[in-house]
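When you get a sec, could you build the whole thing from the sequences and use the hints?
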Amino acid sequence: MLSNDVFQRLLYDLFCLWHGVQRHYDPPITDTEEQRLAKVKTMICKLLGEIDARVQRIKQNVSQEERGQDFYEEWTMLTWNVLCITSRLQSSSSQFEVTVSNEDRVIYSRLNQALVDLVNYSREFLPFRGDLQDQEYLNLKDKFSVTMHALHTLYRAMNQGHFQNHRSIEEFHHNLRCFGDEMLIPCIDEFKSYCNKQSNKLWQSVRQAQISRMKDLQTSPDDAISRLVAFYSEMMYVLAVLGARLQGFRYDLMINKKVFGSFDPVQHQSEVVFSALELLMADCVLSTEPSTNAILVTNNLFSMNCGALARGVVFKDFEIQVVSEETAEHIQGEMARQRMMQQPSPIGLAPSAALLAMKPTSGTKRSNAASNSDPSNTAHKKSDVNSKESVTIYPKYNFKNRYWAAMYPHLLCTTRQKGRQSTHNSYQDLSPTAQIDKSNGKRPIFYFHIKATMFSPSGRFASAHTLSLPFTIATRRNQDCQVQRMMSSYTATIFWLYGCNQQDGLLLQWVDTGMGWEHFKHLYKQHFKVNADVQRALMDEDFDLLQYKLQCPDCASGDGARVNGVQQIVTFKNVLCPHLRYECGSTNVRFSVWRGMLELLQIFHDTRNNVKKLWEIGLLLGFLEFSDVDKKLERHKSALIMRLSFVTGGTICFTVKSTAHTLDSQSTRPIHLEPLDLKKLQTKCLKDYLRDIADAEKVKYIVNSSDEVVRISDVLMQLGDSRVSNGEIESRDISSNVTHSGDIDSMQHIKFTAMRIAVVTCKVKPPSADLLEVDVERQSSRPSALLPSLQDDFVRELVQLANFHGKSRQEAIDSLEMLSDDYFATMGSAATTPATIRSTYFNNLPPTTPPISNLIHHSSLSPNPSMQSLPSPTSNYTPSYEFNTQSHSFSKEVKY
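Count along the sequence shown starting at 1, add 154, and that's the number in the working numbering.
In short, the hints are calculated from the structure, not lab data. One or more of the hints may lead you astray.
Unchecked claim - Derived CB-CB ranges, DEER-like:
| hint | residue 1 | residue 2 | range |
| --- | --- | --- | --- |
| 1 | SER359 | ASN555 | 15 to 25 Å |
| 2 | GLN223 | ARG310 | 29 to 39 Å |
| 3 | ARG221 | GLY772 | 27 to 37 Å |
| 4 | THR184 | MET494 | 58 to 68 Å |
| 5 | GLU344 | GLU695 | 56 to 66 Å |
| 6 | ARG789 | MET871 | 19 to 29 Å |
To be verified - DSBU-like cross-link-like pairs, simulated, lysine-lysine; straight-line CA separation at most 30 Å:
| hint | residue 1 | residue 2 |
| --- | --- | --- |
| 7 | LYS412 | LYS193 |
| 8 | LYS195 | LYS411 |
| 9 | LYS295 | LYS346 |
Beta carbons: idealized from backbone N, C-alpha and C, even for Gly.
What follows is the structure, given as structure tokens:
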């Protein structure tokens, strides 16, 4: 016996040959009609043995144990495919004449016998499955039982009757019509109503599960899909039992008894059952794309994965196209019209909103050089493949899950130059001159429309339709320089669409009325957690800063949006309005809340900067006010805090409280170091910033999210900092043959001391002066004397330098006494220019004088504002000063 996938492939090839389907990989068709029918008969004969073997396997399972869904689906698949083959043999007169020969009669007889065996087995061992607590289902089950009992009565009357005259034939024909009109059709109508009601509820739960997966990026449980698959299997089984019994009755009436000659009174009744199957399967296709990212980028490859949830008949192909919102609404309306009319009908060709192309899976590009001059050529520049309104994917049978699936790994799309305006505000024109209601930044929304064509038991093609989850298509109009700015509106559009979650069948409707602050806060936290790929989420306290920052006069949403000044209703326009701003010198930048979040996420996406690790272990805090930072550091004499900030966009800020540069620990205020943006963190990781700042400020502890202090050395060791664990800076051992004058084959080994770029704070004022506060009482209480005062820059910086190096007053005096007078200015030379100082006191030092760098570490020297042009006595490092921040503290990079 063949495997399931091979058996399904044989069925697929048979029906394609029967209908003359020309696939792209098929050779040109050169057979005549007779030759084609002969090949069809040969393939049927090959399948008969496989069908008989599978029927016998089912008949051998006569135990009293309950059969599972897999067993029902195997029975249903065999029954419907036998019906598909049998009905096609009867559907046309030309094919019917083929069955005149004895060989053809044998084929027909074996197919009918397979149906008889399957029906008899189902009557004894396969009761109807479904929700026995549902009264509607129980009523439907009873009506089917009555209908099949009436059919059995007709079957028995046919076998026992003697149709000798025209009157008896007419009477039997009348009974057949009454059965169809009074029993069969009302039963099928109730079946359709029940299926429509149930499928709507089940599809809503499936769509909700898909939306939840897109929002959480978690593998959602398959319960919703499993229930929908089970529903299709149960309903297809019910129809298969009725269809198989009708076909058996039809075979005996037309072939064995030949009561009506060539007239077939049962054909219409079989068509009623087949029509119900087509209506049941009209929405049985599920698209799993997009599954993780609802933003496609033009000319970027993406995969397509969709399949049929109803397991019974064979599918011919899957046609995929991209449609706009209004077209998707039209398609869904047509699908609803089919259900309302309870009659399957083809959905007209829908206009495509974007072009699609299939890149060859082999990677070999198809050459379009011959057609490049053709104005109708739509070849992509990068991929060299032709774009089309829609693409057709031929299905493959999924052996594991037993369904027909359409999968293609390399699709790409491109938008048209100008699209239609959607009735739900899918705006294309986002220019400043656009209408006021079209300037909220919403990007056009699209859907994949999937049309699956199946080989119906009626002998014709039937189609199933579905719509994917919504997505946007990001264009590359301005290439990389505008990508980040553009992606802000694309990601915000998807965030808002999925966050509002306004379901309308398979569609998600846009909501302009806004959402509550608590709902927005929950979605914002969820978006950060999912897209930053972290387990630790933002806290409610992190949003205190944003409560007053989400609305400005340009994006005000009317009365009721604020209560006591706090934002209560958040609209999409609030999210993208650039009312956040910062100023620094001549720089004035405006950005939106969403843009700031994107910049933060970019920092988290860089796996080399250690940001994600420090966030997960609670050492990188959320959004805090400066007053909150001060409170957290009040209890600690020396510590630092790392936190997220929107001060200059999405950044990470350090706040340090240190006693290394102060005389009075009671007057020390925290200093706020320059914000670190993505560019800085790409140059130097956050772990290195933490190490260097701790070294420069003599800080040993960092405050975590639980307001506890953690030793920075322990953190660095946890992050794998070798300099901390080994206690020394790494060196590089290099072997070279060009560092000596010897033979070329001789290698010289040299051990080089490694260098790194260190970061230190560039303080020009003590930490107590960071906020530019003047302690008047303290100033007035100090006695004015001619003795050296701390207000003297020299004295203050001398004391800070001693404290920084841990030198006592006596040690500082001893160090000064060891130096000769050549190092110092002479009395009365206060007006000496810096150039003179440099010439006199540094360039003319005696050769035997020890270098000053041996006594004073250059990284501890703080530049005096009055001596900005005075160069350092050492020349082996280059300080570079970054822009000033709110606290007058800088970061300086020193190479040594």
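Query raised in the report: Any hints this thing doesn't respect? Which numbers, in order?
Result: 3 and 4
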